[in-house]
Amino acid sequence: MGEFNTNFILGCSAIGAGLAVIAGIGPGVGQGIAAGHAAAAVGRNPGAKSDVTSTMLLGQAVAETTGLYGLLIAMLLLFVKPLVP
Amino acid sequence: MGQGIMLSGSQDIDFMIHGVFSYELFGQTVWITTTHVCVLIVMLVIIAFCIAAGRTVKHASDVPGTFQNIAELVVEMLDNMIGGVMGKFSPKFRNYIGTIFIFILLSNISGLFGLRPPTADYGVTLALGIMTFSLIHFNKFKHQKVKGVIAGLCDPWPIWAPINVIGDVAVPISLSLRLFANVLSGTVMLALVYGLLSKIAIVWPAALHVYFDLFSGAIQTYVFCMLTMTYITDACTTEE
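Chains L and A, in that order, are what the protein sequence lines are.
Under my numbering, the letters of the first sequence match residues 60 to 144, in that order.
Under my numbering, the letters of the second sequence match residues 22 to 261, in that order.
Keep in mind that the hints were calculated from the coordinates and are not lab data.
Any given hint might turn out to be false.
[As the list claims (entries may be wrong)] Just so you have them, the derived chain L footprint on chain A, three or more residues with Cβ under 8 Å: (1) 203-214; (2) 239-250.
[To be verified] Computed spacing ranges between beta-carbons, pair by pair: (3) A/E97 / L/G75: 48 to 54 Å; (4) L/T65 / A/S219: 28 to 34 Å; (5) A/G169 / L/A107: 33 to 39 Å.
Ideal Cβ positions, reconstructed from N, Cα and C, are used throughout, including at glycine.
Just chain A, with the same shape it has in the complex:
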């Protein structure tokens, strides 16, 4: 913190990423940070849920128990959402969209449990954006062939091509920055409340948690998956 720029209490305000330990790799110092730890925790929770759900479905009964109901509800909800947007392309992308939906949702909600949300690190969201970007272009080349891609690039006239390229590159950047900035703004806001108002922050920050972690996190998850699905459907559709 610069001297005086954060006024008083700058020691209490803490929303930065911290290094846990470092190691040398090919002459570079690489840090394991709190983001890695939080991603690991989120991953372990998802894996535990998946193993339990798989075991339950293997011994499924006609009258479902509580846990089987929950697992079926999650799968059915995701299937409906993806089928409604992607139509005939949905069976191929159900796995990917469902995975990133559950991962982003749990990452955003993890702020409730005292973790620093992994999605408030640009490294995580940029990776998600790049995955979407490569899926879009792989499917574009697969379905529209090289001729279709070139035709799409020179859409109104060939002179438009550089602007179309910029538009393509902007997709993953805006996708990842939107998710990152939303989660980061919630994290910063709650850190400021807990740091500067620590004397009177008793019960009412719970309302802020509901808005920033639950509502905003769920909306941004939905938006990320919705935009990914729209772009991929757009790339798969060929002009007949």
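Isolated chain L, as found in the complex:
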């Protein structure tokens, strides 16, 4: 019972970790949209390039957070293994 049970839980944890990393899709799309709009803004007003770039990077780094939460869950499942008795 014990051996099989542990291995089963480990396998399911690996699948769960893979599913959790799908959260990376959202920030990817969001960061792309932000970068596209920043490029358009620089095209309209090349003088404000440094301001636009720093604002874009700040917004992208904040938007990245949700993806990182998914990564954290995956890390917890794989290395801390909270479900294994």
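Once you have looked at the hints, place chain A on chain L.
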């Protein structure tokens, strides 16, 4: 490592925190870990730089030498950044923001020098987040008084108060988790490259170091300080 879950080479992959030695304190076993050692090294570097800079500024000359130039550049850059965001509140918080900026930046970059970055330990980033949290609320009570704080809590209607409390508590957690997860992801990625591809990891991981340690570390430092400054400015501003 669970058996088989890391495939082959699980002995080579190493990004965990290790204990250096343990001691007993009030019946609890407390470990001194690699994080403590790395924080100590970062601290010593900062202290050495500060002592040298202080000595140079005391004997400052009209035509600055190389080191005096560097020290003035750092201070001027931080002053400009903080003054641009905080406006009239900047003189009071210049010390705190400058300190955490230099500390987080050096901690993130320390991965380049073979240390395990101290910010890849949740204990360090949570402490930074809690410091920001207490500063925000101290200044809120100081500037807006109890009446203003209660008014802010019941912002649209009084029934909204629990949601506002959750929003307040989420600030330090999201601040610290963002920094932690960013630095940890870089550490894990480089550990995987060096562990699994050790045969062909010759020169090209340098590019990964530039991205994960330098670029990502600098951006996250900037974001942490920027958000801290925005929150504190928000707490200091009273409605007139």
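**Request:** Return the numbers of the hints above that this structure violates; sort them in rising order.
**Result:** Result: no hint breaks.
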